[in-house]
Amino acid sequence: MKIEKVVVLGANGTMGAGSAEVFAAGGCHVTCLARSADKAAEGIETAKNMAKSEEIADRMSAGSYDADLERSVADADLVFEALAEDLPLKKTFFARIDAVRRPESLVATVSSGLSIAAMAADRSESFRKNFLGIHLFNPANVIVGTEVIPHDGTDPALVPAVVEMMERRFGRVITLCRDMPAFAGNRVGFKVLNEVAQLAGEHGVAFMDYLIGPQTGRAMSPLSTVDLVGWDVHKAIIDNVYENTADEAHATFAMPAYMAKLIAAGHLGNKTPKLGGFYRRVKEDGKNVSLVLDPATGEYQHPAQVAVPRLPFVEKMRSLHSLGCYEEAMQAFLAAEGPEADLARKVVLGYVSYGLNRVGDGEVVREPRDVDLIMGFGFNWAPPTVLVDVMGLKPTTAAIEKAGLPVPKVLRDAKPGAPLFREPHVNIGRFFAA
Amino acid sequence: MTTPTYVLGGYQTDFGRNWKKENKHIVAMMRESVRGAFEATGVDPKDVEVGHVGNFAAELYAMQGHLGAFLVDLDPAFAGLPTARHEAACASGSIAILAAGAELEAGRYDLALVCGVEQMKTVDPARGGDFLGTAAWYDREAKGIEFPFPKLFGRLGDEYDKRYGLKDEHLAHISAVNYSNAKRNPLAQTRTWYMNEDHACRTDKFNSLIGGRIKISDCSQVTDGATAIFLASEKYAAAYAKRRGIDLASLPKILGWGHHTAHIAFDDKVAESAKNPYILPHTRATVLDAFKRAGVADCWGVDAIETHDCFTTSEYMAIDHFGLTAPGESWKAIEDGTIEMGGKLPINPSGGLIGAGHPVGATGTRQVLDAYKQVTNTAGDYQVDGAKRVATLNIGGSGTTSVSFVVGY
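For the record, the sequence lines run as chains D and C.
Per this note's numbering, residue 1 is the first one in the first sequence, and the count goes up by one each step.
Per this note's numbering, residue 1001 is the first one in the second sequence, and the count goes up by one each step.
So that you can see chain D by itself, here it is in the shape it has in the complex:
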């Protein structure tokens, strides 16, 4: 597949600028388009800062939709759409692209979960055949996990070529997904994030972030992650899944009422620093302090007021992780007793169960590897099969059953003793932080 000229739409946005950086770093010439050329130039500045290079801009140019879209799209090998997650808006632009693109050019969307088929509806046969989703994660130059999502009308021969190009030329780790709401990474990831947000209504924000913290196999605590992603993005993803799927964990995608209320009041997480999200960062005597949301009242409390009593099993896990004893830490997790350990296992084993249940016929991905890679390299979370390997197949399966969760077919069919995660160059220790 020969891609030399790329046009990025929405290049002033986070994903647009990040995508432009990825394609320019791979040696393509990238035309960055936005409402105005000045806005597009802001995207190029962002890309330069991501690459830490002035030189990368030698292969980038800025333009506006009005003046440059038709001309640049007519000449492009790849048109990459990174507009807002707004289906009618995207469709308006796809109609313009369809009118001028070369018949063999590739058209892709970076959408994080809207229907690829719906975006391609009403388009020409040529457009539909050459259209698919390429879902990069933010920041795209650092997070290499990427989903490729064909729709029913995508030319089947195109898909392996796109996967190979994204892997070899652009250094991506690819998960091939079916065109289902939120695809694989966000479907599985936001199931966990929203479940933790729901539980925070009852157990508190600080407690849940402590209980499901880095020691359970993630770089960042769940509610801090939601603040980083933005509550608006969180809501868009879980609402989309809640409305358009009906699976065994449907209820975990219901937006907590306290979050809906705060979003209406403008609380969107880190992007609204004055209001905050689960946390609100303030300066106190020159020092940074993270105030913590009380979901019951919508007020923010000083961390000292909501200090969480340390739990022995969590501290034991952290200590073992800090020494590099990941299996021992996660086995201690399975063995821990008490309601807090039960609650933590419900969430973490729920992730394993839900993630691996998305594998198979009629599901989001074909192989466990697909869900593993996007969780590992899109979310920086321990992939589901890594958790099974370190906790042991039989004990994990038994614990999933005990927690009242469905045991995935992948685990029922697995042979004891053989590791499920087989990526020789991946250090599994990287997924467990103390």
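In short, the hints are calculated from the structure, not lab data.
Using N, Cα and C, we set each Cβ at its ideal position, and we do this for glycine too.
Among these hints, one or two may not hold up.
[Unchecked claim] Below, simulated DSS-like cross-link-like pairs (lysine-lysine); rule was C-alpha separation at most 27 Å, straight line:
1) LYS52(D) to LYS1020(C)
2) LYS1121(C) to LYS287(D)
3) LYS39(D) to LYS1183(C)
4) LYS1183(C) to LYS2(D)
5) LYS1344(C) to LYS52(D)
6) LYS283(D) to LYS1021(C)
7) LYS1183(C) to LYS287(D)
8) LYS1021(C) to LYS271(D)
9) LYS1020(C) to LYS283(D)
[To be verified] Derived list of chain D stretches under chain C, where covered just means 3 residues or more per stretch with a C-beta under 8 Å from a C-beta of chain C:
10) 52-58
11) 82-94
[What the hints assert, rightly or not] Non-contacting residues of chain D with respect to chain C, defined by C-beta distances greater than 12 Å in every case (computed):
12) ASP66
13) ASN138
14) ALA157
15) PRO160
16) ARG172
17) GLY201
18) PHE207
19) GLY362
20) GLU367
21) ARG430
Start from chain D and add chain C according to the hints.
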């Protein structure tokens, strides 16, 4: 060598990781590399008779000395294992290998574990640069100087310039080749970083000068990492090969080694070599010793080189010191593509220190592990086709301690 030392393989941690962010103790890095080495080789922990650790400055970076003792913590079978830690700045890992090899040759033991390790991302760059200054003559060459080592290796470039002429574009090409190779190495620190020759040629806010002629793109970066390898006597290697159903002859050996130490102060080194065509004659002697002991006539008797490119100037020096060109003519091997993948003698297929990373005490062991991967045809996407012999060069300080190995058949 009087009796052969076999390399059974080992394990490298992902040099892109930041272990402080993971909130981990340095023992975690050692544990991952050693457990990984057991898994990769199938060696039984009970068979290990001695352990050697290469580490430069854990006392400074991690407030922890006595790293040899931490090996004992890594496996129940290691209780009572004789261990030691070795320090020779950036050559610490190779010195640990030499120590292990000497014990195997002497017949004291049959199986040695060598673990190189360094955790460096624990402090800010300025403080880390000061710590690295202790690899030079600290009071004379580093105290109160911001980033002393880029300045010292900038002066190596200046010395080339003075004696033979040196173009910075050749240094930029060295950087671009190492970054490009690193993109094919799944454990390389910079595998996702942006770099090319045009960027490396520029001096701007993203690629500023940090020590004389040395720019950011000329430098290896601050890296956390560990590498563990197993070295064995012929007796153990034969039993190991039999157990695994492979030929003893399929196991590579350390065919030769060289080891010399020059004056620690850079000025003294330059003064000593004023009338010598080689700027670092003891480094040249190190390479020649390794070739001689390996029975290799010259550099064209090896298929690839893993060299010490802490800065582009150190690789520039290695090119003529290995003998790819006449002294002062390293630029010829850069211009004609000799050192690139697919070239006549690829240098740093792994990406080297600039591309793969430079966790100081782990670099020597990483080089020998990469040499092992090359000659056993297990280097994956950065494999040099048909490699049977690979030379390494590991340097501590400003060209002070030099160690070279030839690994292969």
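Against the structure, the hints:
no. : hint                    : verdict
1   : LYS52(D) to LYS1020(C)  : 23 Å, holds
2   : LYS1121(C) to LYS287(D) : 23 Å, holds
3   : LYS39(D) to LYS1183(C)  : 32 Å, violated
4   : LYS1183(C) to LYS2(D)   : 20 Å, holds
5   : LYS1344(C) to LYS52(D)  : 33 Å, violated
6   : LYS283(D) to LYS1021(C) : 23 Å, holds
7   : LYS1183(C) to LYS287(D) : 40 Å, violated
8   : LYS1021(C) to LYS271(D) : 23 Å, holds
9   : LYS1020(C) to LYS283(D) : 25 Å, holds
10  : 52-58                   : holds (count 6)
11  : 82-94                   : violated (count 0)
12  : ASP66                   : 31 Å, holds
13  : ASN138                  : 14 Å, holds
14  : ALA157                  : 25 Å, holds
15  : PRO160                  : 19 Å, holds
16  : ARG172                  : 10 Å, violated
17  : GLY201                  : 29 Å, holds
18  : PHE207                  : 20 Å, holds
19  : GLY362                  : 33 Å, holds
20  : GLU367                  : 20 Å, holds
21  : ARG430                  : 5 Å, violated
In the structure shown, a violation is registered for the earlier hints numbered 3, 5, 7, 11, 16 and 21, in ascending order.
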